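Please work from the sequences and hints to get the whole structure.
Chains A and B, in that order, give the protein sequences. Reading the first sequence from the start, the letters are residues 205 to 655 in my numbering. Reading the second sequence from the start, the letters are residues 205 to 655 in my numbering.
Please keep in mind that the hints were generated in silico from the structure rather than gathered at the bench. Computed from a prediction, not measured in an experiment: that's the story for all the values here. Treat the hints with care, as some may be off.
As the list makes no split between identical chains, a pair holds if one copy fits it or if it spans any two.
Listed next, the in silico DSSO-like pairs over lysine-lysine satisfying Cα-Cα at most 30 Å (straight line) [claimed, not checked]: (1) Lys-609 x Lys-474; (2) Lys-651 x Lys-338; (3) Lys-651 x Lys-585; (4) Lys-545 x Lys-474.
2 protein chains.
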Amino acid sequence: MTKAYITAHQDRYLHELFELLRIPSVSADSRHKTDVRQAAEYVRDRILEAGADRVELVETNGHPIVFGEKVVDPKLPTVLVYGHYDVQPPDPLELWNTPPFEPTVREGKIYARGACDDKGQFYMHIKAFEILMKHNALSCNVKFMIEGEEEVGSDNLPLFVKNYRDQLLTDVILISDTSLISLDQPSITVGLRGLSYLEVEVTSANRDLHSGVYGGAVANPINVLSQMIASLHDSNGKVNIPGFYDQVVELSQAEREALNRAPFDSTEYKRELGIAELTGEAGYTTLERTGIRPTLDCNGIWGGYTGEGAKTVLPSKASAKISMRLVPNQRPAEITELFTKHFLSIAPPTVKVKVTPHHGGEAAVTATTSRGYRAAEAAFKEVWGKTPIPTRDGGSIPIVALFKKELEVDTVLMGFGLDTDALHSPNEHYGIQNFLLGIETITAFYKHFSK
Amino acid sequence: MTKAYITAHQDRYLHELFELLRIPSVSADSRHKTDVRQAAEYVRDRILEAGADRVELVETNGHPIVFGEKVVDPKLPTVLVYGHYDVQPPDPLELWNTPPFEPTVREGKIYARGACDDKGQFYMHIKAFEILMKHNALSCNVKFMIEGEEEVGSDNLPLFVKNYRDQLLTDVILISDTSLISLDQPSITVGLRGLSYLEVEVTSANRDLHSGVYGGAVANPINVLSQMIASLHDSNGKVNIPGFYDQVVELSQAEREALNRAPFDSTEYKRELGIAELTGEAGYTTLERTGIRPTLDCNGIWGGYTGEGAKTVLPSKASAKISMRLVPNQRPAEITELFTKHFLSIAPPTVKVKVTPHHGGEAAVTATTSRGYRAAEAAFKEVWGKTPIPTRDGGSIPIVALFKKELEVDTVLMGFGLDTDALHSPNEHYGIQNFLLGIETITAFYKHFSK
Numbered sequence: 205m206t207k208a209y210i211t212a213h214q215d216r217y218l219h220e221l222f223e224l225l226r227i228p229s230v231s232a233d234s235r236h237k238t239d240v241r242q243a244a245e246y247v248r249d250r251i252l253e254a255g256a257d258r259v260e261l262v263e264t265n266g267h268p269i270v271f272g273e274k275v276v277d278p279k280l281p282t283v284l285v286y287g288h289y290d291v292q293p294p295d296p297l298e299l300w301n302t303p304p305f306e307p308t309v310r311e312g313k314i315y316a317r318g319a320c321d322d323k324g325q326f327y328m329h330i331k332a333f334e335i336l337m338k339h340n341a342l343s344c345n346v347k348f349m350i351e352g353e354e355e356v357g358s359d360n361l362p363l364f365v366k367n368y369r370d371q372l373l374t375d376v377i378l379i380s381d382t383s384l385i386s387l388d389q390p391s392i393t394v395g396l397r398g399l400s401y402l403e404v405e406v407t408s409a410n411r412d413l414h415s416g417v418y419g420g421a422v423a424n425p426i427n428v429l430s431q432m433i434a435s436l437h438d439s440n441g442k443v444n445i446p447g448f449y450d451q452v453v454e455l456s457q458a459e460r461e462a463l464n465r466a467p468f469d470s471t472e473y474k475r476e477l478g479i480a481e482l483t484g485e486a487g488y489t490t491l492e493r494t495g496i497r498p499t500l501d502c503n504g505i506w507g508g509y510t511g512e513g514a515k516t517v518l519p520s521k522a523s524a525k526i527s528m529r530l531v532p533n534q535r536p537a538e539i540t541e542l543f544t545k546h547f548l549s550i551a552p553p554t555v556k557v558k559v560t561p562h563h564g565g566e567a568a569v570t571a572t573t574s575r576g577y578r579a580a581e582a583a584f585k586e587v588w589g590k591t592p593i594p595t596r597d598g599g600s601i602p603i604v605a606l607f608k609k610e611l612e613v614d615t616v617l618m619g620f621g622l623d624t625d626a627l628h629s630p631n632e633h634y635g636i637q638n639f640l641l642g643i644e645t646i647t648a649f650y651k652h653f654s655k
Numbered sequence: 205m206t207k208a209y210i211t212a213h214q215d216r217y218l219h220e221l222f223e224l225l226r227i228p229s230v231s232a233d234s235r236h237k238t239d240v241r242q243a244a245e246y247v248r249d250r251i252l253e254a255g256a257d258r259v260e261l262v263e264t265n266g267h268p269i270v271f272g273e274k275v276v277d278p279k280l281p282t283v284l285v286y287g288h289y290d291v292q293p294p295d296p297l298e299l300w301n302t303p304p305f306e307p308t309v310r311e312g313k314i315y316a317r318g319a320c321d322d323k324g325q326f327y328m329h330i331k332a333f334e335i336l337m338k339h340n341a342l343s344c345n346v347k348f349m350i351e352g353e354e355e356v357g358s359d360n361l362p363l364f365v366k367n368y369r370d371q372l373l374t375d376v377i378l379i380s381d382t383s384l385i386s387l388d389q390p391s392i393t394v395g396l397r398g399l400s401y402l403e404v405e406v407t408s409a410n411r412d413l414h415s416g417v418y419g420g421a422v423a424n425p426i427n428v429l430s431q432m433i434a435s436l437h438d439s440n441g442k443v444n445i446p447g448f449y450d451q452v453v454e455l456s457q458a459e460r461e462a463l464n465r466a467p468f469d470s471t472e473y474k475r476e477l478g479i480a481e482l483t484g485e486a487g488y489t490t491l492e493r494t495g496i497r498p499t500l501d502c503n504g505i506w507g508g509y510t511g512e513g514a515k516t517v518l519p520s521k522a523s524a525k526i527s528m529r530l531v532p533n534q535r536p537a538e539i540t541e542l543f544t545k546h547f548l549s550i551a552p553p554t555v556k557v558k559v560t561p562h563h564g565g566e567a568a569v570t571a572t573t574s575r576g577y578r579a580a581e582a583a584f585k586e587v588w589g590k591t592p593i594p595t596r597d598g599g600s601i602p603i604v605a606l607f608k609k610e611l612e613v614d615t616v617l618m619g620f621g622l623d624t625d626a627l628h629s630p631n632e633h634y635g636i637q638n639f640l641l642g643i644e645t646i647t648a649f650y651k652h653f654s655k
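Structure representation (structure tokens):
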């Protein structure tokens with residue numbers, strides 16, 4: 205029944221999603237403030253249209269949260285759907301084959317910023333809800349909480365969760381913002397890494413200098429920043445910050461073996477990325493390095509002259525954005541402090557260093573024994589004909605830990621993207637098949653969850 | 205006589221210079237191609253007006269060279285004036301207190317890109333020539349060769365010098381593109397460093413990646429580039445490239461002592477730059493580090509997300525502009541090759557590295573015993589009341605070595621800027637007093653040179 209209905213309506217679903225993808229709701233960029241609000245309003249209207257009792261835009265100190273609900277019967281179980289309507293900046297623009305905010309279909313995939321992360325994914329929930337409403341088949345209460353600041357650290361979410369605690373009461377939180385192993389092998393994410401994100405600035409002289417006149421006598425902030433960044437890893441690929449690994453939970457041999465049972469073809473992985481060699485912390489596999497081990501990456505660096513041609517400048521400043529992916533028990537605030545203290549301590553006396561924390565988020569591990577997990581498992585089996593494998597993802601959705609702590613409820617990470625969907629990158633895309641199968645699987649989830 | 209005449213005409217001189225400074229003749233930026241030509245035409249017209257017999261724009265593969273001459277009598281000695289009408293890019297624009305191409309006078313200084321380097325400096329020569337013509341006092345032949353590619357490596361100058369060899373015959377080359385020790389202590393530059401300028405690019409994956417999904421397993425090009433840059437200096441501040449110092453001429457103890465006799469106040473130097481500590485190659489003084497020792501500086505670095513806020517991207521590429529200042533006997537081509545070979549050799553197998561040479565230039569040492577030097581010395585004594593000190597400058601004017609080699613003639617580097625003039629930096633400026641004293645000193649030079 206569901207599949208046929210979805211097929212009959214898929215053009216409209218895609219049309220609606222495309223409308224949403226056309227709104228450049230880049231939360232990191234203040235120039236897009238009104239676009240972000242417009243996306244929130246669009247989401248609100250679609251949830252209302254799908255059959256919610258009420259939907260509101262809850263104002264925050266940043267971008268609004270779309271909160272809506274449909275109460276079928278207070279005695280029935282409740283599902284809270286979380287998602288985010290904000291997107292990553294589209295830079296570098298010149299690498300997109302088609303404009304990031306003009307969704308384009310090529311080879312069965314929707315190309316647009318946010319196609320997968322997370323507009324395409326949370327929108328499946330609105331459509332699954334609509335289908336259940338249309339067929340009078342909704343056997344749970346449903347709440348929607350779609351925020352606009354996930355890509356900038358969900359700074360205003362904790363206060364909202366605190367203030368709306370009573371209205372957020374639920375039996376499970378359902379999130380589609382992660383990846384499947386492949387279309388042949390469904391999976392459910394049971395672990396997410398946390399995040400600590402900082403910006404550092406190294407200042408030498410009080411102005412840009414002529415590199416001929418001062419070069420060799422005055423510290424070059426780019427050279428100094430490079431030395432400082434280089435020192436943040438040791439020769440084994442370990443993060444070289446005192447105390448960084450102190451709280452890291454080491455997995456048992458059995459857990460590591462289970463994790464490494466997931467299909468992984470390193471030749472294909474390298475080929476698809478166009479690289480000759482993998483890298484990482486010595487003693488761990490790629491799946492472990494991206495799933496259960498903490499990391500440190502520079503996300504951006506800039507300083508001096510970056511235009512065409514040559515400029516012989518000894519710049520005044522150089523800066524970098526640096527983030528660390530964290531694993532369970534590593535507290536972002538503590539890691540941010542360890543980083544800051546260490547980074548300031550390694551600064552040579554020739555420069556001034558400023559460290560500005562951006563945002564952080566706790567790592568999370570979700571149960572595979574919960575009612576929600578079992579319902580998701582059953583839904584995948586029904587629609588995909590295969591039992592999903594539990595996997596650990598390297599990404600971060602900081603609110604999973606927050607929900608666990610504040611609402612004392614488990615999250616089910618039922619994502620339908622693929623790691624190759626170019627999230628946060630140029631040419632982000634989302635398979636139409638993933639989108640349609642996702643709607644079908646989510647619809648099945650409700651059936652199994654309310655059993 | 206000259207001083208009074210200059211005072212009477214200084215408003216017009218400044219007005220003319222300001223017109224030239226308003227033309228954004230940024231040679232590095234192809235968007236400014238027509239501006240560069242406009243500057244060349246302006247210079248041509250002013251030299252003609254001042255009394256030259258003929259002035260032409262000589263076309264090259266890049267920007268044109270302004271070449272003009274005034275033959276008083278073929279039997280008289282000839283002075284060839286070299287300068288450049290192109291300027292450095294004005295970036296970063298936001299740090300300018302007033303627009304770079306809208307010259308503004310504050311506290312006796314002209315603020316504009318090119319005010320000192322080199323429009324303000326070569327323009328003094330046109331005005332000195334005009335004064336001598338007006339007073340029928342020119343006792344030499346004069347040639348002007350004002351090029352438009354000094355800031356991008358003078359790539360097309362060697363061919364021009366070769367083709368125009370006969371027309372360039374001269375007894376001395378006079379250049380004002382360097383600095384004085386101070387307005388209280390005149391100096392003449394007798395040494396210039398050479399330059400090798402390159403751009404490097406480190407590529408990891410074939411696209412930007414999500415740092416959560418791939419971080420820890422795929423090489424981060426910013427981290428790798430930082431490590432590579434960091435390794436280019438050893439712990440003594442020496443450039444860590446095999447063979448780099450092989451050709452460096454070590455100065456004798458006596459030469460070093462003479463060099464260090466120049467007034468230098470490190471407390472004031474640091475205060476003026478706003479830095480707590482100096483840096484550099486162990487075993488050398490600041491004057492030696494900036495004058496007689498080769499150096500390596502990053503002039504720019506970029507990669508990943510550099511916008512507002514946070515983006516958790518594992519970028520595909522990171523790049524840097526790196527230049528080395530060279531000393532006599534270090535050949536730019538050889539150093540460029542040593543750098544390239546070394547930089548490729550230290551690249552880990554996880555990334556691809558590309559090295560693109562930008563431009564280079566030979567170091568130069570000029571004689572203090574030549575007729576030209578003695579005339580310059582006498583001119584300074586007459587106008588400033590003090591004997592100028594010979595100094596070694598850290599900057600590069602590659603054509604000095606070229607002229608010596610091709611034309612077999614000595615250059616006199618009679619500069620009137622100050623190291624604090626913010627060359628290549630925001631808020632570049634040039635003292636009006638320097639400009640006017642410069643015109644007077646150059647006028648005196650002709651008198652002494654033709655004696």
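**Message:** At most 30 Å between CA atoms: does that hold for Lys-609 and Lys-474 within a copy, between copies, both, or neither?
**Reply:** neither (38 Å within a copy, 52 Å between copies)
**Request:** Please work out whether the CA atoms of Lys-651 and Lys-585 approach to 30 Å or closer within one copy, between two copies, in both situations, or in neither?
**Result:** within (13 Å within a copy, 98 Å between copies)
**Asked** For the identical chains here, do Lys-651 and Lys-338 meet the 30 Å Cα criterion within one copy, between copies, both, or neither?
**Response** Only inside one copy: Lys-651 and Lys-338 sit 15 Å apart there, 100 Å across copies, limit 30 Å.
**Prompt:** Is it within a copy, between copies, both, or neither that the alpha carbon of Lys-545 lies no farther than 30 Å from that of Lys-474?
**Reply:** between (36 Å within a copy, 26 Å between copies)
Hint compliance for this structure: hint 1 alone is broken.
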